[in-house]
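With chain Z fixed as given, assemble chain A onto it according to the hints.
Number of protein chains: 2
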Amino acid sequence: MSDDTAQLLGPLRERGRWRADRCPIARSLGVVGTRSAMLIMREAYYGTTRFDDFAGRVGITEAVAAARLRELTGAGLLQRVPYQDPGQRTRHEYRLTEMGRDLCPAVLALFEWGSKYLYGSGGAPVTLQHADCGADIHVTTTCSNGHAVPLRDITLARA
Amino acid sequence: MSDDTAQLLGPLRERGRWRADRCPIARSLGVVGTRSAMLIMREAYYGTTRFDDFAGRVGITEAVAAARLRELTGAGLLQRVPYQDPGQRTRHEYRLTEMGRDLCPAVLALFEWGSKYLYGSGGAPVTLQHADCGADIHVTTTCSNGHAVPLRDITLARA
Numbered sequence: 033m034s035d036d037t038a039q040l041l042g043p044l045r046e047r048g049r050w051r052a053d054r055c056p057i058a059r060s061l062g063v064v065g066t067r068s069a070m071l072i073m074r075e076a077y078y079g080t081t082r083f084d085d086f087a088g089r090v091g092i093t094e095a096v097a098a099a100r101l102r103e104l105t106g107a108g109l110l111q112r113v114p115y116q117d118p119g120q121r122t123r124h125e126y127r128l129t130e131m132g133r134d135l136c137p138a139v140l141a142l143f144e145w146g147s148k149y150l151y152g153s154g155g156a157p158v159t160l161q162h163a164d165c166g167a168d169i170h171v172t173t174t175c176s177n178g179h180a181v182p183l184r185d186i187t188l189a190r191a
Numbered sequence: 033m034s035d036d037t038a039q040l041l042g043p044l045r046e047r048g049r050w051r052a053d054r055c056p057i058a059r060s061l062g063v064v065g066t067r068s069a070m071l072i073m074r075e076a077y078y079g080t081t082r083f084d085d086f087a088g089r090v091g092i093t094e095a096v097a098a099a100r101l102r103e104l105t106g107a108g109l110l111q112r113v114p115y116q117d118p119g120q121r122t123r124h125e126y127r128l129t130e131m132g133r134d135l136c137p138a139v140l141a142l143f144e145w146g147s148k149y150l151y152g153s154g155g156a157p158v159t160l161q162h163a164d165c166g167a168d169i170h171v172t173t174t175c176s177n178g179h180a181v182p183l184r185d186i187t188l189a190r191a
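Residue numbers (our numbering), protein chains in the order written: chain Z, 33 to 191; chain A, 33 to 191.
In isolation and in its complexed conformation, chain Z is listed as follows (with noise of 0.2 Å):
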């Protein structure tokens, strides 16, 4: 076994003898883990809220956007809010909850390990920086004291 894994503690020592049947990862993608849904935060984080600009922009059917948004809302992810533009009947648009902005991390994830690893020597078309000191945006994996945490010095235990 390589060394550079996670460390599993007490009961969960030994892998094989404990099924994972209650993983929050596993939970996570049973919200989140389809492309379109994952699309569809992307273009929430981006600014689109409106039906019609989520399907275009992720590129998806308008059945398969009606149903992530669905989900998405329903999941707590997205609220849908009316609106009405002058002389229009009232529509619908969807805007970010906390929970929708905390998973933030989880796709901007996905941003940077692409940038790094999927573009060959010409990188990625767009970059992430901070607003107000310009320099690169990273989504690292630290402790509450901190501490930038590589793998092998995560434990995971039960709760």
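Rather than coming from a laboratory, the hints here were simulated on the basis of the structure.
There could be a bad hint or two in this list.
The list treats identical chains as one, so a pair stands whether inside a single copy or across any two.
What the hints assert, rightly or not - Listed below are the simulated EDC-like cross-link pairs for lysine to aspartate or glutamate, each with C-alpha atoms no more than 16 Å apart in a straight line:
{"no.": "1", "residue 1": "Lys148", "residue 2": "Asp168"}
{"no.": "2", "residue 1": "Lys148", "residue 2": "Glu125"}
{"no.": "3", "residue 1": "Lys148", "residue 2": "Glu130"}
{"no.": "4", "residue 1": "Lys148", "residue 2": "Asp134"}
{"no.": "5", "residue 1": "Lys148", "residue 2": "Asp84"}
{"no.": "6", "residue 1": "Lys148", "residue 2": "Glu46"}
Leaving out everything else, chain A in the frame of chain Z:
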């Protein structure tokens, strides 16, 4: 438009005028955008290396496990290495590469998000801590200068 979204800069300012057809998030999802790929990576982080263990511990068929392991190895997240148990024929195990380890924040971000939102009052059954100091693990969005960066202070720009 909500103020709590990323800021699109320069030619990206009008989201309706460009297509995200070379998006790093979408490209990453092309590699690890299935539930089974993500859960195989989880298992690799927990120390799993052998084919049968990946299939059993993720809870997928051997056919799906074989397809995902082939894709993840082909993409460079895992490396196929021969091993031989005494008296057995040579087999192969799958070990994390640096590219595979670098995906860790994306997977752990799903762990943290799911733990926070998808368990009700009982909380998640497992937790992640820093081995050295025991503090909880968090996946955070920061800039190279060390500032914590909320979504609204992130800018997206052409490279």
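Exercise. Where does the structure disagree with the numbered hints, that is, which hint numbers, in rising order?
Worked result: 2, 5, 6
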